[in-house]
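Chains as they are written, first to last, in my numbering: chain A, 120 to 369; chain B, 379 to 746; chain C, 21 to 329.
These aren't lab readings, by the way, just hints derived from the structure by calculation.
A hint or two may mislead.
[What the hints assert, rightly or not] When the alpha-carbon atoms are kept at most 30 Å apart in a straight line, the in silico DSSO-like pairs for lysine-lysine are as follows: (1) A:K199 - A:K296; (2) C:K169 - A:K351; (3) A:K307 - C:K264; (4) B:K380 - C:K145; (5) B:K742 - C:K91; (6) A:K351 - C:K195; (7) A:K199 - A:K185; (8) B:K742 - C:K117; (9) A:K351 - C:K233; (10) A:K347 - C:K145; (11) C:K92 - B:K742.
[As the list claims (entries may be wrong)] One-sided and incomplete, this derived list gives chain C residues near chain A with beta-carbon spacing under 8 Å: (12) S153; (13) T180; (14) G181; (15) V182; (16) A184; (17) V185; (18) Q274.
Cβ coordinates follow ideal geometry from the N, Cα and C atoms, glycine included.
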Amino acid sequence: MSEQKETIITVKNLVKKFGDFKANDNLSFEVFKGEIFGFLGANGAGKTTAIKILCGLWVPTSGDIKVAGFDIYTQTEQIKKNIGYMSQKFSLYEDITVFENIRLFGGIYGLSRQEIAQRAADLMHRLDIEHSRDKLISSLPLGWRQKLAFSVAILHNPKLVFLDEPTGGVDPVTRRKFWDQIYEAADKGITVFVTTHYMDEAEYCDRVSIMVDGRIADLDTPSALKEKYSVKNMNEVFLKIARIKPDQNN
Amino acid sequence: MKRFWGFVLKEFLHIFRDPRTMLILFGIPIVQVLLFGYVITNEIKDVKIAILDQSKDHVTIELTNKIISSGFFILDRNIKSINEVEDVFKEGNVRQVIIFESGFGKNLKREGTANIQLIADASDANTANLVVHYTMAIIGDFVREQNKLTGSPIQFVPEVRMLYNSELKGVYMFIPGIMAMILILVSAMMTSISIVREKELGTMETLLVSPLRPLQIILGKVTPYILLSFINAVTIIIMGNMVFGMPVQGSMILLLAESILYILLGLSLGILISTITKTQQNAMFISLFVLMLPTILLSGFIFPIENMPKILQWLSILMPPRWFITIIKNIMLKGTGLMYVWKETVILIVMTSVFLGLSIRKFKIRLE
Amino acid sequence: MTLNITDINKSFEGLQALTDITFSVKEGELFGLIGPDGSGKTTLFRIITTLLLPDRGEVNLFGINVLENYKKIRQLVGYMAGRFSLYHDLTVEENLKFYATVFGTTIEKNYDLIKDVYCQIEPFKTRKAGKLSGGMKQKLALSCALIHKPKLLVLDEPTTGVDAVSRMEFWEMLKRLQKRGITILVSTSYMDEASLCDRVGLIQKGNLLSVNKPEKIITEYQKELLSVSSDNLYKLVNDLRSEKNTHSAFLFGQSVHLTRKDQNITAEQVVKYLQHNGHENIRVKVIKPGIEDCFMDLMNEEDEVLLSG
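So here's chain A without its partners, still in its complex pose:
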């Protein structure tokens, strides 16, 4: 990345300790506006901790962190207004309808009635699910649910969206359609911060960071990483980086 880009996340010397255990050990990185940033790492490497801190849910032990231009210690309310969040585990309420979900999340993010009505209509038109407006989420096929969940996560036009393993266990077609949506969002200028266990998905990111044992072991574009470790794909990059340390600490 030679050209000067506007940053949306700035992390300097982030440390998060739980007792003696350093879950995040001096992380420093930047995420640029409009990019798709892949956040990879083995289980327990500290990804979830870092995401929780960036979303303003946890306070770090030390470090300077700015998200969407706001300070992580003092301006968590503003941060929450400017980010979207979606995880594999929870996205939409299954026992209420499509429209009720949209209305609910629109309300949570402080959209006015007209805004909600307009964006809901717009969203359902774009996803071609107008006929399912009053159907329960639980009755929708998985692929639709996922598309809808993502659209709802960016309903309030956040500057930045966090996706925590959004595609785990999903069939290959749905998974790809989901990435089409991610690209679309990035194209509109929304920054995407995504974690995944699928290494082919790491290839779709503009830049990826790989965490090992609470540190960022490497961070670059997928092609630069592959060149550096002289391997063919991101899976091998990941294995090379993560395998350096003994398995017990995993």
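Assemble chains B and C onto chain A, guided by the hints.
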């Protein structure tokens, strides 16, 4: 057999590792006994009464003294006419008026019967009921003493239930109630939760796929709770005795045996609950609403059964604690043997078998 | 044949979970059931392990009818449920000991079999299972499933939620267990794990799409597959999709996998089309499909059959 004990050992590990479980198992019974014990003893103390003595002979004076010296009642005033009764109650301080008929002592001597009228302020029905019961018991006690003294039988209608509880301490009536409530809660709620937890965790799948038989799984899960509930029962009896001076007049062995029967009943209810629920939360709610509330409300623990509407009286027949409370009151306070409680015991045995049979039928060897 | 599954059907509250599932697993084979979440893998495994009864169909294991003799089957099968069924408040060693006693054996007796797996977590045997990482939980759960020397090991999504390194190590362990004569039936939602199995069954929405050796599934792929790349991946996939001759265009890593309706359209024509649309550094080549390509192709076929039927 080794499989089985391995299972039981694991169950104990779960219990001892979880402070919350330990607290529920041992902390709550102690707190409950103390709480109920002290709250209840204060409840009927220094109740203000008024007396209309139309006879003023040595019998009425003696009886009046006995009532007032019992510590439960304070004589607010003596009244002179029946017309004053309504005014006394309207003032709101006096809870009960005792009226001796004129010539009370004479009638008693001549005919062996005399009339006392107890009028209670029933705006607070429960207190009124308690007050009347206490008074009648004191009177009954008085009659007994008189009978012993004179040898000639005097006709009286004492309140049978309190006849033997001569000191009339409220806590005596509540210890059996607490015991009934805690034992059923611990044994039913804790077992159902611990079985359902395995379902939630997904470990039940593995257990079902193992060569353990369903019966072994059930027994393995409940065995520790039999022991722990038993310890609870003993704790409550000891606390009742040490802190509140609650006696055990009858056979200790019978008392403990009945407690074990009742614990088994609770456990079989717990298993039954676990077969119809899927989450721990669910199991807890069902235990609380199906077991605890009815125990408190319908077993005669707090509200006398005879005061309930007919429908609720019928319902209370279905409440296991009702029978257990009767049994232990009999054993602890009256010192009666199995002869007097066999009917209640049989009822508990039948209930246990029904619940156990139902839960074994409902316990699935598969996931559906 | 170790395991014969014939014509299994199962529905839950009117929803068809499995439709006419028929396949068999040979002795000593490592068989993979591959499909996304909700495709029916867990339901099928629960039927095989006697936890559920099918609406219709038969399961035979070592010549024993699974549906009638559940007790016998439960001695022969080692089952590792999804979400690793471990007691979180017990230590690593206590968990293993517990499962050993449940199956009427001891750790010492079968240490030889589990050694390879267990020795990796043995240094942490006094740690509570709830405090283990995903990879370590997975190894412990496998040790527990192996403790009674089962003849058939049934593993339900053992690699879900586990990172790539642990996943690879896990498959290496399975290969070693297979060499010791244990038949292994494993399910996964990771398509790339298919190549590690002797044979695989691809499952989607309760239908078996195909059962074969991984390489056979690939050779059965009919279409010619092109890998297309250029500087702008997102624009590339959109441009390819809006071309009327495109049958399917999906992102695969850094390139787009493209199938055409008309096989006569050459790679050069594709390049020309893309140049016309302003792409740079265009590369187009014919490639061999992977399992994922095959799965997606079979999925489409299935949908088309459903639509026309």
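Inset, instruction - Report the numbers of all earlier hints that the structure fails to satisfy, in ascending order. - result: Structure breaks hints 2, 10.
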